[in-house]
Amino acid sequence: MRDIGDDGPNRRKVLECMTWVGTGVLWTIAGGVPRSGGLIGEAMAQPARGLSFLQISDSHIGFEKPANPNARGTLEEAVAKINAMPVKPAFMLHTGDISHLSKPAEFDDADRIIAQSRLDVHYVPGEHDFLDEERKLYHERYGRGTQGAGWYSFDAGGVHFIGLVNVVDLKAGGLGNLGADQLAWLAADVKSRSASTPIVVFAHIPLWTVYPEWGWGTEDGGRALELLKRFGSVTVLNGHIHQVMQKVEGNVAFHTALSTAFPQPAPGTAPSPGPVKVPDDKLRSVLGVASIDFVQGKERLAIIDKPLQG
Amino acid sequence: MRKMPRRFVLAATLGAACALPLAALIELAGAQDAPVAVAIDNFTFNPQTLSVKAGTTVRWTNNDDIPHAVAAVNKQFRSKTLDTDDSYAFTFTTPGRYEYFCSLHPHMTGSIVVEAP
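Chain order of the listed sequences is A and B. Just so you know, we're using the working numbering here: the first sequence kicks off at 1 and counts up by one. Just so you know, we're using the working numbering here: the second sequence kicks off at 1001 and counts up by one.
Any given hint could turn out to be false.
[Unchecked claim] Here are the computed lysine-lysine pairs in the DSS-like style, where the Cα-Cα straight-line distance is at most 27 Å:
#1 A:65 to B:1053
#2 A:103 to A:88
#3 A:136 to B:1080
#4 A:191 to A:136
#5 A:103 to B:1053
#6 A:136 to B:1075
#7 A:81 to A:282
#8 A:81 to A:136
#9 A:229 to A:81
#10 A:171 to B:1080
#11 A:247 to A:103
#12 A:65 to A:88
#13 A:229 to A:103
#14 A:229 to A:65
#15 A:171 to A:103
#16 A:247 to A:282
#17 B:1075 to A:306
#18 B:1080 to B:1053
#19 A:65 to A:306
#20 A:103 to B:1080
#21 A:88 to A:136
Think of the hints as simulated: they come from the structure by calculation, not from any bench.
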């Protein structure tokens, strides 16, 4: 990040940096205009005055392939990093692919490790969490009180959080899918809310079309965004693609998080979206978590990607 | 790719370039009642379109580091999750065109064309 000066990096450069290196530029979203607010050190030095929460994603417990033979270990490192934060976050969002193959032992291990953060965790499922018949394991553990395949909403710190499920009823040749029932629920969920309520939507597969050739997008994601159009501040947090990507469209900021297990290639740079094997000493620079700050009254969320190392 | 028999790598490569001769080749194999292979490599089904005679068993094998699953669009067949090196077989008895996809990664699609014996 050394090539970004204090006197205003150009936006393209910052985006490239955020997208392909995934290290810690602080982004603030103010009036729909993204601004780079400085490096992690400066951001951490500022006292937290609002709501701070975390996003963790794609822990893939059970994955043991060369790209990372020890996904449990790197999740433990991520939790240790969370526990070392100077300001304790209010809670954590997990944007899916908790497990690799939906095995009970994988969920058990994930739960045991994540519990060490002593944070409330709000989950949404990834496709890897729904591999058992009838999707019982996820629902028993994380789906209590949710609707349909596991969608729900809650309020915290003046922000309305909406957890969506876009990994069921997938159609041949298609992308992620929300479906009519979930969209109807969403319409009802936000109907009576004031347009000034900041909205955070979280789901596994990106709601925006990142790269359809690899299935990185949601078929009816646009319909969900349409329902949120009247809100002044909408932040969409996704996982699935195991890399940081960011986009701002009008009042909507889109962000995808790093995985804690293994990186995936930038769109189109490899024959497939499969796991990327990086040199062992580089792995922790492409894994991590994201911390998000919301300051009441300012309608802006600052997202900081925190790699496990570097 | 590394665990694929070399012979099949060649067939898959040829399949991408010239589907018809490959189909012909595989029909021969089908006539001998051996299962016909579809390899899952790099998030694709190889060959993407496969022609077999009715009565042929098709066997899908996942060579990727990521699990996949095979699901017929018309729901006539559906595999469990295939982890690396796992296989799933289905015997096609009725002529017709069968479209299928990966239920985890639906952008992955393939077709089996079953011809009268």
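Okay, the hints, checked on the actual structure:
For the hint pairing residue 65 of chain A with residue 1053 of chain B, the CA-to-CA distance comes to about 37 Å; that exceeds 27 Å, so the pair is violated. With a C-alpha separation of about 31 Å, the suggested pair residue 103 of chain A and residue 88 of chain A falls outside the 27 Å cut-off, and the hint is violated. At roughly 15 Å between alpha-carbon atoms, residue 136 of chain A and residue 1080 of chain B fall within 27 Å of each other, so this suggested pair holds. With a C-alpha separation of about 31 Å, the suggested pairing of residue 191 of chain A with residue 136 of chain A is violated against the 27 Å cut-off.
The hinted pair formed by residue 103 of chain A and residue 1053 of chain B fails the criterion: a straight-line CA distance of about 38 Å is larger than 27 Å. For a cut-off of 27 Å, the pair hint linking residue 136 of chain A to residue 1075 of chain B stands: about 21 Å separates their Cα positions. For the given pair, residue 81 of chain A sits about 17 Å from residue 282 of chain A by alpha-carbon distance, which is consistent with the 27 Å threshold. The straight-line distance between the Cα atoms of residue 81 of chain A and residue 136 of chain A is roughly 31 Å, outside the 27 Å bound, and the hint therefore fails.
Distance check on the hinted pair: residue 229 of chain A and residue 81 of chain A sit about 35 Å apart at the alpha-carbon level, beyond 27 Å; violated. The straight-line distance between the Cα atoms of residue 171 of chain A and residue 1080 of chain B is roughly 17 Å, inside the 27 Å bound, and the hint therefore holds. Our distance criterion of 27 Å between C-alpha atoms is broken by residue 247 of chain A and residue 103 of chain A, whose separation comes to about 34 Å. Of the supplied pair hints, the one linking residue 65 of chain A and residue 88 of chain A is violated, its CA atoms being roughly 33 Å apart against a limit of 27 Å.
With a C-alpha separation of about 39 Å, the suggested pair residue 229 of chain A and residue 103 of chain A falls outside the 27 Å cut-off, and the hint is violated. With a C-alpha separation of about 42 Å, the suggested pairing of residue 229 of chain A with residue 65 of chain A is violated against the 27 Å cut-off. Between residue 171 of chain A and residue 103 of chain A the CA atoms are separated by roughly 24 Å; this keeps the pair inside 27 Å, and the hint holds. Our distance criterion of 27 Å between C-alpha atoms is met by residue 247 of chain A and residue 282 of chain A, whose separation comes to about 26 Å.
A C-alpha spacing of about 43 Å is found between residue 1075 of chain B and residue 306 of chain A, which places the hinted pair above 27 Å, so the restraint is violated. The suggested pairing of residue 1080 of chain B with residue 1053 of chain B holds, with an alpha-carbon distance near 25 Å, which does not exceed 27 Å. Between the alpha carbons of residue 65 of chain A and residue 306 of chain A the distance comes to roughly 24 Å, so the proposed pair stays at or under 27 Å and holds. With a C-alpha separation of about 13 Å, the suggested pair residue 103 of chain A and residue 1080 of chain B falls inside the 27 Å cut-off, and the hint holds.
About 32 Å separates the Cα atoms of residue 88 of chain A and residue 136 of chain A, which puts this hinted pair outside 27 Å; it is violated.
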